[in-house]
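There are 2 protein chains.
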Amino acid sequence: MSLLVVGSVAFDAIETPFGKTDKIIGGAATYISLSSSYFTKKVNLVAVVGEDFPASDIQLLESHGVNTEGLQIKKGEKSFFWSGRYHNDMNTRDTLVTELNVLGTFDPIVPEAYQNCDYLMLGNLSPKVQSTVIGRLKKRPKLVVMDTMNFWMDIAMADLNETLTMVDVLSINDEEARQLSKEYSLVKAAKKIMEMGPKYLIIKKGEHGALLFHKNQVFFAPALPLEEVFDPTGAGDTFAGGFIGYLASTNDISFDNMKRAIIYGSAMASFCVEKFGTERIVNLSEKELRARVKQFVDLVQFEVTI
Amino acid sequence: MSLLVVGSVAFDAIETPFGKTDKIIGGAATYISLSSSYFTKKVNLVAVVGEDFPASDIQLLESHGVNTEGLQIKKGEKSFFWSGRYHNDMNTRDTLVTELNVLGTFDPIVPEAYQNCDYLMLGNLSPKVQSTVIGRLKKRPKLVVMDTMNFWMDIAMADLNETLTMVDVLSINDEEARQLSKEYSLVKAAKKIMEMGPKYLIIKKGEHGALLFHKNQVFFAPALPLEEVFDPTGAGDTFAGGFIGYLASTNDISFDNMKRAIIYGSAMASFCVEKFGTERIVNLSEKELRARVKQFVDLVQFEVTI
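If you read the sequences in order, they're chains Z and U. Offset between the first sequence (1-based) and the working numbering: plus 4. Offset between the second sequence (1-based) and the working numbering: plus 4.
Think of the hints as simulated: they come from the structure by calculation, not from any bench. Careful: at least some of the hints might be erroneous.
It does not matter which identical chain is meant; a pair holds if it fits inside one copy or across any two.
Claimed, not checked - Taking lysine-lysine and the DSS-like style, the derived pairs with C-alpha atoms no more than 27 Å apart in a straight line are:
(1) Lys298 with Lys209
(2) Lys132 with Lys82
(3) Lys79 with Lys203
(4) Lys291 with Lys46
(5) Lys24 with Lys186
(6) Lys132 with Lys203
(7) Lys196 with Lys279
(8) Lys209 with Lys192
(9) Lys219 with Lys279
(10) Lys219 with Lys203
(11) Lys195 with Lys209
(12) Lys192 with Lys291
(13) Lys279 with Lys195
(14) Lys27 with Lys279
(15) Lys142 with Lys46
(16) Lys186 with Lys46
(17) Lys186 with Lys279
Model the full assembly from the supplied sequences, consistent with the hints where possible.
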């Protein structure tokens, strides 16, 4: 089924203990689109870049089957740019530069050909832009997933509260879940957040895996224990892309299928962190992906007679 | 099969954000023995207490089928005492008091009736005492599991190195694994530690679950997401008790059975943290335990066609 992805397409410059990059392609929608493209070829992108954005990077997306009709290119303007430096433990980072540029005035225009999409993934953006997209769809998608971050909780909580009532699945990290709910226990946090709108909540815990909550059900997927995390940038978005891509390809939003989607998302994220930026996820084979999912099966599956 | 448990039996005084206790029964061997008693009734305890230790607490152990013939009671001396205060996040704590008392001169005498034990669990103690126990067994047990802590890495590394060569399974937490291996990545840490002696390594990550390593195999069990962690004291020992108790009761040390043992240990630990000290694990029903293991199945199991 068709998938609409909205979010940032941008430049990142990344420093980790393993090295640093020049400006490379980044942005939530980039990672989401690339990751979901391994599951469905009907990925429609809505985003904005400046004149400085290389045609080769747009071609990269298109070569993965991503429809870039909805990618606005603003003449005379510059693309969103983020630069960050990771600490030794890779769990914390300092933002060195944030230049909003074209993202500051982003009007998410949905091309006519994108209408009637079945699945909608709202990457991290201002909650106002996210709700605008939902408002512009003539038919509500079967499933709306949104990602957000603490930044919007700090400066746009009213907008965020409204957008939360419009989505089915919210994806945030553990600290954001605590901030949003004012609860330390993630179980309590999940209950409160699901009362704010989303019927499903994904709490990402980085190297400690991810939790999926729905009513009284809970599912946990670990992160794959890796010898080395090279660069965590985009891991959460790659996870989200695998999650929604798998759901769109199977067109099954049962809780059991969401479990599988979480595993596929986790598998995609485990690739992402192995190299800088998108490097590892632009050239995956189906065989590699299958082998990685098998690793997750071996990692957590056990047989017990109760 | 018979299980020999060696470790501290002690008094604890605990403060958490939920309240505080007077001196209550604690100690690694207490938690290990109680927890393993839900799986096997052949639990033989070697430990030492002072004259101040109440007969009622010894009866508590005996009522769970724990053989206390090897529990030395030192006339005119006092039991080991530990007091600690947990911070709000329950992941960190301050030690307020440590009084070694009888533990300072503990000579682990193994009663004749304990010889030929099939499984040996060495709770956290000085590595010298741990290796002494192994040396005093006429027949090597089928499986030797040891727990230790950063304290011994700081002050008795040579002894610890020697004891590590004598055991099959080492159980430590993530920070201890990093300290012992000088590696941040737990995968790299596990490889190094398994070269130091143990064929199996359990890395406990508290609320983030536990990892079991063996050669190139790895298994992960999450901690159960709980509304509230009331008191984490003894959770690691309760986990170890469930692990070795399950192995002893099934007498199967295949990797697949160790996975199940990790799940049973995790289930026992999830009970332990629900109340102060041993309160929750002294009165569990088989039905409760079965239901808890079922929660772990629901939490992590998924079906996928690869």
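Here is what the structure says about each hint:
no.	hint	result
1	Lys298 with Lys209	both (21 Å within a copy, 23 Å between copies)
2	Lys132 with Lys82	within (22 Å within a copy, 66 Å between copies)
3	Lys79 with Lys203	neither (40 Å within a copy, 62 Å between copies)
4	Lys291 with Lys46	within (21 Å within a copy, 49 Å between copies)
5	Lys24 with Lys186	between (36 Å within a copy, 25 Å between copies)
6	Lys132 with Lys203	within (20 Å within a copy, 55 Å between copies)
7	Lys196 with Lys279	between (36 Å within a copy, 24 Å between copies)
8	Lys209 with Lys192	both (16 Å within a copy, 21 Å between copies)
9	Lys219 with Lys279	between (37 Å within a copy, 26 Å between copies)
10	Lys219 with Lys203	within (7 Å within a copy, 42 Å between copies)
11	Lys195 with Lys209	both (17 Å within a copy, 24 Å between copies)
12	Lys192 with Lys291	between (39 Å within a copy, 26 Å between copies)
13	Lys279 with Lys195	between (36 Å within a copy, 22 Å between copies)
14	Lys27 with Lys279	within (15 Å within a copy, 52 Å between copies)
15	Lys142 with Lys46	within (18 Å within a copy, 69 Å between copies)
16	Lys186 with Lys46	neither (38 Å within a copy, 47 Å between copies)
17	Lys186 with Lys279	between (35 Å within a copy, 23 Å between copies)
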